[in-house]
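A.B. asks: Work out the full structure: start from the sequences and follow the hints.
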Amino acid sequence: MSADQPRKPILERAWDLFASVKLSFFLLLLLAVISIAGTLIPQKEPASVYVRAYGEAGWRLFNALGLDDMYHAPWFVLILALLAANLVICSLNRLSLTLRILGKDPADEAAAMRKPKQSLTLAGSPEANLPRVKKLLASLVGKVSTAQDEERTTLFAQRGGWSRFGVYLVHTSVLVIMAGGLVGNFWGYAGHVNIVQGQTISQIVLDNGQPKDLGFALRLDKFTVSFYKNGMPSEYRSEVTFLDQGKPVKTASLIVNDPAEYRSIDFYQASYGTSVKEVLANYIDPQGKSHQVTLLNQQWSPLPGGGQAGIMAFREKVQMGSMYSGPIARILYQKGQEQPQQLTAFAAGTKIPMKSGPVRFELIEAKAAPYSGLQVKYDPGVWLIWAGCTLMVLGFFMAFYFSHRKLWLRLSPTGQGRTRVELAASTNKNRHSLARLTARLAEQLSADQKTGE
Amino acid sequence: MEAISNQIILGVTFALLATSVLYLCTWAFKSQAFGWAASILNWVCFGALTAAIILRWVASHQMGIGHAPFSNLFESLVFFAWTIALIYLIIEMATWIRTIGAFAVPLAFLAMLYALTLDPSIKPLLPALKSNWLIAHVITCFLGYAGFGVSAALGAMYLATGQAKDPASPRALLLDNLIYQTVVVGFILLTAGIVTGSIWANSAWGTYWSWDPKETWSLITWLVYASLLHSRFMRGWQGKRIAMFSLVGFACVLFTYFGVNLLLSGLHSYATGK
Numbered sequence: 304m305s306a307d308q309p310r311k312p313i314l315e316r317a318w319d320l321f322a323s324v325k326l327s328f329f330l331l332l333l334l335a336v337i338s339i340a341g342t343l344i345p346q347k348e349p350a351s352v353y354v355r356a357y358g359e360a361g362w363r364l365f366n367a368l369g370l371d372d373m374y375h376a377p378w379f380v381l382i383l384a385l386l387a388a389n390l391v392i393c394s395l396n397r398l399s400l401t402l403r404i405l406g407k408d409p410a411d412e413a414a415a416m417r418k419p420k421q422s423l424t425l426a427g428s429p430e431a432n433l434p435r436v437k438k439l440l441a442s443l444v445g446k447v448s449t450a451q452d453e454e455r456t457t458l459f460a461q462r463g464g465w466s467r468f469g470v471y472l473v474h475t476s477v478l479v480i481m482a483g484g485l486v487g488n489f490w491g492y493a494g495h496v497n498i499v500q501g502q503t504i505s506q507i508v509l510d511n512g513q514p515k516d517l518g519f520a521l522r523l524d525k526f527t528v529s530f531y532k533n534g535m536p537s538e539y540r541s542e543v544t545f546l547d548q549g550k551p552v553k554t555a556s557l558i559v560n561d562p563a564e565y566r567s568i569d570f571y572q573a574s575y576g577t578s579v580k581e582v583l584a585n586y587i588d589p590q591g592k593s594h595q596v597t598l599l600n601q602q603w604s605p606l607p608g609g610g611q612a613g614i615m616a617f618r619e620k621v622q623m624g625s626m627y628s629g630p631i632a633r634i635l636y637q638k639g640q641e642q643p644q645q646l647t648a649f650a651a652g653t654k655i656p657m658k659s660g661p662v663r664f665e666l667i668e669a670k671a672a673p674y675s676g677l678q679v680k681y682d683p684g685v686w687l688i689w690a691g692c693t694l695m696v697l698g699f700f701m702a703f704y705f706s707h708r709k710l711w712l713r714l715s716p717t718g719q720g721r722t723r724v725e726l727a728a729s730t731n732k733n734r735h736s737l738a739r740l741t742a743r744l745a746e747q748l749s750a751d752q753k754t755g756e
Numbered sequence: 108m109e110a111i112s113n114q115i116i117l118g119v120t121f122a123l124l125a126t127s128v129l130y131l132c133t134w135a136f137k138s139q140a141f142g143w144a145a146s147i148l149n150w151v152c153f154g155a156l157t158a159a160i161i162l163r164w165v166a167s168h169q170m171g172i173g174h175a176p177f178s179n180l181f182e183s184l185v186f187f188a189w190t191i192a193l194i195y196l197i198i199e200m201a202t203w204i205r206t207i208g209a210f211a212v213p214l215a216f217l218a219m220l221y222a223l224t225l226d227p228s229i230k231p232l233l234p235a236l237k238s239n240w241l242i243a244h245v246i247t248c249f250l251g252y253a254g255f256g257v258s259a260a261l262g263a264m265y266l267a268t269g270q271a272k273d274p275a276s277p278r279a280l281l282l283d284n285l286i287y288q289t290v291v292v293g294f295i296l297l298t299a300g301i302v303t304g305s306i307w308a309n310s311a312w313g314t315y316w317s318w319d320p321k322e323t324w325s326l327i328t329w330l331v332y333a334s335l336l337h338s339r340f341m342r343g344w345q346g347k348r349i350a351m352f353s354l355v356g357f358a359c360v361l362f363t364y365f366g367v368n369l370l371l372s373g374l375h376s377y378a379t380g381k
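Each protein sequence line maps, in turn, to chains A and B. Take 304 as the starting number for the first sequence in the working numbering and just add one per residue. Take 108 as the starting number for the second sequence in the working numbering and just add one per residue.
By construction, these hints were calculated from the structure, which means they are not laboratory data. The structure displayed is predicted, hence computed values, not measured ones.
30 Å max Cα-Cα, derived DSSO-like pairs, lysine-lysine:
| id | chain 1 | residue 1 | chain 2 | residue 2 |
| --- | --- | --- | --- | --- |
| 1 | A | K670 | A | K550 |
| 2 | A | K732 | B | K272 |
| 3 | A | K638 | A | K620 |
| 4 | B | K321 | A | K347 |
| 5 | A | K420 | B | K272 |
C.D. replies: Structure representation (structure tokens):
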């Protein structure tokens, strides 16, 4: 822009910026670069991970800039919003032009023929040829409009004008997908729940750690894992019953890739494990005397001769090289008001060299029950996502594989009772397919000629 | 049957090397005799590879663990080579420019060579992969990758054959248009691949998008090619720049395919099950 030209008002300049393809180009690449960073910097890890990697000060900076969850950081959302604004304004700007092109009167188009690229001569007068040529053009291209100019007749036909809307369909689909994401973000939630076999739950834990009441209950009737012959797992299956106001209303089998839905809330098979209820153990007291006791999970039980103990963690089978293979339990033991101590217990009858504590436990039998971990989701925006995806793919085909093609044929007398046909064509894209169309038109004009003779 | 399939895969790998050399000779000596030999061998490779994939599929059914042969890196590499051969052969039929083969066919050979270093045994499907979307997702993604692979080969050819010196020549314009056309094919298929992947993720993991590294890199690739397609509407972005852009885009494809599995952990790492 030269200096003496008056500067456009700021609003107009902003509009021009947002209407430009250059901005789209820049924003798309910017999003790509940021996304790359997001795959290199660990995302959504606990604070300790960042403190270890970048130090206390580094973590504070990370947290303030949202780098630990950058795909949800305000500045990332802002860039998406800028892209959306760019899409809308750029599309609106072009749309008026597109509507003007499509709204042109075919009669005016017929009168404004492009520069002819090809011409051929037919036997017979233009008047005699006109119906045939018109019919051919109509069958190959579309509705024919005519313009008369002294002795010359110009025929015009077009097809594929609708394909000009393909680009708007694609742009709209991006907005629809963004809207779907927003709807899910604001009105949806995601969480998980572990259900021990036989247990009924009515509350889940959301991803942000908050509990959430479902408004109905879910019981895990049975959890099974099946295996292939080579030992690889083949299926995880949770048989569940949905209960509404205490009454069973629906049963379902949850397997990976096949979730169940109740009242628009979806449940997915996500993980599994074993949860111990109680363990039968030998308790060797400070005097070395053995008692059989039952210890509970996460609960104190009194011990004979004073003191109390409970199970903190239990695993059914632990392989410790060639030394030991069997169950293992972490037991919390408290004597009187003393500080509780952690002890490790192995199966009874195994000789494991251990630090001798004041007391000892040996595991006899554990009552364990499998549990199933379910992913829970409510997302009212998901249908918008699928609608957007469908529109996008349709839009691509419209935008990339169809074009708005216009053809003109001008018939004029040559003076020897023959007709000169001039052919002109234009397209908004894909010149190769236009060339094929005009070649076919020219070929059929001449071919008709031969049969007509 | 599995053994026969693996024998064919071994044979095709070396045949693809021979094909690549023949295409390179076609380019170097401007000889159509080499060109015809290369094309015939290429069709033989494509046919044999198709047979190997079908045999592997049948073999898995005979083992009682029947599934489409798209379940691990080995199988995907073989399929990738097949898709590159397919897209290249379509372009060869449409243009008869065999020099493109000197750049495209080596990609198929390298994919096969990589596959040979991996364990070829047929394994049963993990629970997460047991879905009807497996076939649709893998086919769309890999045809898309192959579209981008061939566009990168065209881009490399554009640069290596010095088209940038005369970007208005018919050959340069044709190559430029072919790069664009193959990117469009790749872009539509990648989009379909991301969509089918999202639908699948939504039924397997309960979320259509979780910013998993594989998902994110497929989006990065999509964004890069989306900007390439938009650059067509900006002045000065034809020819050399598009050729270079197609190479950058394909680098993203390669990272999405290999880099993510090797360097980043995520939901797509089927080698480590929970």
